[in-house]
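Undergrad: Here is how the chains run, residue by residue.
There are 2 protein chains.
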Amino acid sequence: VGDTISALGERALIERIRARIPKPPPWVIVGAGDDAAVLEPERNTVEVITTDALVEGVHFDEAFVSPADVGHKALAVNLSDLAAMGAAPRAALLSLMLPAAWPVAHLDALLDGMLDLAGRARICLVGGNITRSPGPLIVDVTATGTVHRRRILLRSGARAGDELYVTGSLGGAAAGLSELRADPSGMSAASARYRRPEPRTRFGMLLGRNRAARACVDLSDGLADGVRQIGEASGLGAVIDAHALPLGPGVAGLNDALSGGEDYELLFTVSPKLRRRLGGVRRLAHDLPVTMIGRMTSERTFLLEQHGRTEPLPVGFEHFAAPR
Amino acid sequence: VGDTISALGERALIERIRARIPKPPPWVIVGAGDDAAVLEPERNTVEVITTDALVEGVHFDEAFVSPADVGHKALAVNLSDLAAMGAAPRAALLSLMLPAAWPVAHLDALLDGMLDLAGRARICLVGGNITRSPGPLIVDVTATGTVHRRRILLRSGARAGDELYVTGSLGGAAAGLSELRADPSGMSAASARYRRPEPRTRFGMLLGRNRAARACVDLSDGLADGVRQIGEASGLGAVIDAHALPLGPGVAGLNDALSGGEDYELLFTVSPKLRRRLGGVRRLAHDLPVTMIGRMTSERTFLLEQHGRTEPLPVGFEHFAAPR
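Going down the list, the protein sequences come from chains A and B. Just so we're aligned: the first sequence equals residues 55 to 378 in this note's numbering. Just so we're aligned: the second sequence equals residues 55 to 378 in this note's numbering.
Hints are supplied without guarantee of correctness; some may be wrong.
A few chain A residues facing chain B, derived, Cβ under 8 angstroms [what the hints assert, rightly or not]:
#1 Ala91
#2 Ala138
#3 Gly181
Keep in mind that the hints were calculated from the coordinates and are not lab data. Cβ coordinates follow ideal geometry from the N, Cα and C atoms, glycine included.
Chain A extracted, bound-state conformation (with noise of 0.2 angstroms):
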């Protein structure tokens, strides 16, 4: 079965990833290799950061994610944030802790994983680190990306009025857990969206050049939680329309596309007066839908209309609360 991580050692392993790294772009000035990488800044833009960490027995499980799809995930989970904030993907430092007996064939596949989603993305892995783990594997990625000034999609740029959006569908990724935690090899489109989250990096991006949004989140944690984020962040309160919501791959009730965590898709809302802007990023992201799903309210509570009744909105999934 090959090598494992710990016969291999730290070095070797090094230049195992630096030799799959595509040749850098010329703004990398220092990549993988020295004590820090070295980057040349995009002129007229400012620096978004962020930094997301996958750990095993949390976030995923070996028995039904394939390294290949933590090495996607991982990526793809800080690739969301760099879209909720409007901004173009950059660089990327892989930060990896790695269980001594994990063997060195399963590091190849989780760099596969990665660098296809990387090279897709239009992001360059420019450095990082690596570190044995006494436990579980984890896979921390910090992100960089680019984004003009005055183009930053926040949270809290929600006003009352503002209509509410989702792209692609919800739910998708727990009604997939749901399935794998049944059948670890299933290979459904309901698995396959909580496997392989694909990043809104593209729309994200349109939706902030374009100024047609005023306020963005990715939905990690479940559509409830992050109407509450701009919520809150905005000092609004908000409606959704149960009928509304794009029930995504597999998903049964309101309850997976409420509260299920990790579809990664973005929540923004938009001005009425603004719809028109929108209809041109729905033009230019033409296979991907995006679905109206409720309006922000001036009053500061979050409701779930459905048949014609109101109820308050669901609490989200909270992290430290329950294993996934």
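With chain A's structure known, arrange chain B on it following the hints.
TA: Leaving out everything else, chain B in the frame of chain A:
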């Protein structure tokens, strides 16, 4: 004894950390709290970016390293990487993986240690991530800095005939770790070197600004490893004078100085013709000892001179080979 991490939950923990962060400077356009941080680049500089993690059971043992020590050290090792590039510290992201049963008071102490050093080093905590760990405590930091493009210190700039210098003293951290393993309550100078390494931030910046050094690394894995890093990157060898090595507190023999990790001193090469520039840097950094310990050679071998005899330079510390 107070709350545990899991009792407080993710949101409350993030708020607790945010409340501790000093008011950011104007170049922080968006700080902690949105999907990502947004930073204004510094004019006429390039960006240096690095990441390094401390993993419980690999890099530290809670029996003799306090949470405040861990907070200090997790930032210090990243600041040391910036110093080795000649960069001025700027922004940091903190990615925490916390055992569910960890006391919140320990998190507060970890932040005490980190924010105290951050204030002194003038690095601004702009964001991060927090998640549960099913096992070890992990503190992963990403740090950015700035440097003028022609002032960057690389490993690869050494030339044959360059003199090799080291800041401070060697082996103290390894001696301190041995002491702490024997007596976890030890408060010697050596144990302080292990628990609270002082990054050579100012000296690294001075070296770069004055163009006094041709190549530089920080010593995380021992002097012998650092000498090899510069030699291999520059296509050279080196001869080290064993009698010249500045031994740290509690260091009995050469082994700690050569192969003991975690001193976080700077190792750099200077052209004999530019010794005067180094003199200027030393005057500005008057309280930090700087010692000449050998020279770079065109022959690609790494040698140690001792009692008039020459032997091969031992190899450095390997992270995957043995736990510290």
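Undergrad: Against chain B, run the beta carbon of Ala91/A and see if the smallest gap drops under 8 angstroms.
TA: holds (5 angstroms)
Undergrad: Restraint: Gly181/A near chain B, CB-CB cut 8 angstroms. Satisfied or not?
TA: Hint holds; Gly181/A Cβ to chain B Cβ min 7 angstroms, cut 8 angstroms.
Undergrad: Let's test the interface hint: is any C-beta of chain B closer than 8 angstroms to that of Ala138/A?
TA: Holds. Min distance 4 angstroms.
In the structure shown, no violation is registered for any of the earlier numbered hints.
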